[in-house]
Structure formats: structure tokens, C-alpha cells
Amino acid sequence: MIYAMGIISIVLLSIVLGPFIIPDTLWPQTARDFLQHNGLNDTGASNLVSAIYLGYRAYDTIGETIVLLAAVTGALYLIKSLPMTHTGSMESRPELKGKTTIIGVTTGKLAPVVMLFGWYVMFFGHLSPGGGFQGGVVLASGMLFIALGREGYRGESKLNNQGFHLIEVLSLWFIIVLVCIPLVFGASILENPFTRIDEIMPRVIYVIGFNMAIGLKVASGLTLLGLLMMDMTHD
Amino acid sequence: MINRILVLCLFLLGFYGLMVQKNMVKKVFALSIQNSAVVLLFILEGSRIGSLAPIVTEAQAAYVDPIPQALMLTAIVVGICVTALALALVFRLYKKYETLNIEEIQRKAIDES
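Protein sequence lines correspond, in order, to chains A and B. Take the first sequence: its letter number 217 is residue 628 in the working numbering, and every next letter is one higher. Take the second sequence: its letter number 27 is residue 31 in the working numbering, and every next letter is one higher.
Hints may be right or wrong, so weigh each one.
Stated by the list, open to error - Beyond 10 Å from chain B on every Cβ pair, some chain A residues (computed):
(1) Leu424
(2) Leu437
(3) Asn458
(4) Pro540
(5) Gly574
What the hints assert, rightly or not - Here are the computed lysine-lysine pairs in the DSBU-like style, where the Cα-Cα straight-line distance is at most 35 Å:
(6) A:Lys491 x B:Lys112
(7) B:Lys99 x A:Lys569
(8) B:Lys26 x A:Lys491
(9) B:Lys30 x A:Lys491
(10) B:Lys99 x B:Lys26
(11) A:Lys520 x B:Lys112
These are calculated hints, taken from the structure and not from any lab test. Even for Gly, the Cβ is constructed at its ideal location relative to N, Cα and C.
Just chain A, same shape as in the assembly (with noise of 0.2 Å):
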């Protein structure tokens, strides 16, 4: 039954669906363009996407990391709210089981490269492809190498849930100074205030410091996600 309606219901989607994704018309061009030509004049980022949403879209990118911050906060309250029957913290559980050799050797070997990259990733995001929010993704799999590999040594681990939530707070304080900074120099909130002052300090300056905090927030972010769901016990 359910699955003749899920049939009857795609076949209904796709002719909904069919008309708008099929055909091949012409992408515009006009905005590619003008892109291309006032980019790097108007931000100072090269990296045109990194120009979009740093430069011209701003506003989308701090609402999209409240959205970040209103989700981790949600399972933050779900998972936690529970009443726990099980404090699997600090003792060292009796069983390894989950201690094999490759996660052994790429834990230890592959999570500070992992990191480095994912720092690189962030530096260089307004000149090569990537950013913030793929540097912090990275850069929270870096620490969620750590933090599958440390079973069994929890309580020397400095690797808490403490730590990344005074870096979640930290940067999006820091996101809240890098939006009220162009109000110091005379500039509208959000625009690049170096443009305003001649050549004392480059404009990139600010897309950097702008991927710097978005890239913390992401990584604290998932890295708490990523800890959270790895500390619920199945029973």
C-alpha cells in the first residue's frame, strides 16, 4: 500500500519537477561578469566565491551561522536534557573493542596533517578555493580523529566539551566585533572598512579575519556535534 502511494507520488513530483530541471536553457551570464570585473576591486578577495559570501552577501553568512549555533544548541538540549543512565566519562572503559590498528595509526599520524590543512584551508581561503566553512569542517575532522582515538584514555584528555564551548562563544564574539568594526571607521555595517583608509593595512585583511572566526565557529560547532553523538551509549 505505502509503497504504491510512494510510486504514485514520485511519478507526480517528477512531472512537477520534470519541466524545470530538464530542459537546457541558457545560464545568464551578466552576473558571472560582473563579478569577474568588480570582485577584487569591491572586496579585496580574489577567490570570487569567498567574495560573494564575505563581501556582498554577508548578512547570509552571519545568519548561517546562527543557524549552525541554533542547531548545536538544539542537540545540545536534547541529547543533554536526558536523564542519563549511564555517566560513561571518566573511568576507563573495561573494553577496547574499538581499538584496532587502523584507527591507531591514522589517529596519531594523519590527525595533526589532517589539521594543518584544514588551518591552510582557512589562511588561504580569500586566494585559493575553500574558506571558513570548509576549513573548520576540516579542521573538526582533525579533532574528531583525536577523539576517536583516545578510548580508553578520557581522563587524561584535554579534549572536552568545556574547552569548545568557550571556542563557539569566543568566535562568534569575534564574528560580532568583525561586523561592528566598519562602524569605527565610518563605513556601513558589514562593508570592508580598509577600503576607507588608504593603503595603511590591506583590505584582504578583514576577509581573512572573516574566515579565521567563521572557520572556528564551524569546527567548534561539529566538533561538539560529532563528540556529542560519539558520547550516547547504545544499550
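Start from chain A and add chain B according to the hints.
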């Protein structure tokens, strides 16, 4: 042409999974598949007018359109948030009703009330 049809099929597959599957974790996977299909469609559209990464160099070249890429950056992050929150909700329901089957959860919820 064929790649558009494949993207449409991927989206419909996600929709079908969202409707038909009774396991809630599989429903979350289906949402993630739908999100991926939308991302693929936008990236495909933006790459129609060029083939190079949109990084300004000296030579004028045929870049891809950067606007769909910037939009999809947002969509990917929001997709991750939706997946994480949905999984947390599923965990909460599993703790309460001790099953992942959505029909059993409905039955138990009706019995309780």
C-alpha cells in the same frame, strides 16, 4: 541532458525514501540525499558557462558562475545542521519508545495518551 535526468532521479529517490521508509534514521538519510541532489543541480547549472574555478587571475578566462557555488555553501551547512538536529530528535524518540519504527512509535504514543 543525461546528468540532469540523473539529478532528478536522485531527488526522487530521496523523496521516495522519505515517504516509504519506516525507519527514522533512513528517513534522515533520505533528507540528506535530497539535499545532495539540490546541491548537484545548482553546481551543474553554474558550470554551464565555464570550466575554471572562479578565482580571478590576470588572464580573462571562462569561469564557472560563482553565485550558485556561494548559495550551495550555505545549503551544505544548513543541510548538516538539519541532519544533526534530526538525528538528535531520533535519538530522543528512541530513548523514549525504544524503537526506530515510526508506526510503532505512533501506536505507543496513542496508547499513552
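Tested hints:
The Cβ of A:Leu424 does not lie farther than 10 Å from every Cβ of chain B; its closest approach is about 6 Å, which violates its non-interface assignment. Once the 10 Å rule is applied to beta carbons, A:Leu437 is inconsistent with being away from chain B; the minimum gap is 8 Å. Against the 10 Å criterion, A:Asn458 falls within the reach of chain B, whose nearest CB is about 5 Å from its own CB. For A:Pro540, the requirement that its beta carbon stay farther than 10 Å from each beta carbon of chain B is not met, with the minimum near 6 Å.
Look at A:Gly574: its CB is around 20 Å from the nearest CB on chain B, clear of 10 Å, so calling it non-interface holds up. Our distance criterion of 35 Å between C-alpha atoms is met by A:Lys491 and B:Lys112, whose separation comes to about 24 Å. Distance check on the hinted pair: B:Lys99 and A:Lys569 sit about 29 Å apart at the alpha-carbon level, within 35 Å; holds. In summary, the hint linking B:Lys26 to A:Lys491 is supported, as the alpha carbons are separated by about 26 Å, within the 35 Å threshold.
For the suggested pair B:Lys30 and A:Lys491, the alpha carbons sit about 24 Å apart, so the restraint of at most 35 Å is met. Restraint check: the Cα-Cα separation between B:Lys99 and B:Lys26 comes to about 17 Å, which is no more than 35 Å; the hinted pair holds. The hinted pair formed by A:Lys520 and B:Lys112 fails the criterion: a straight-line CA distance of about 48 Å is larger than 35 Å.
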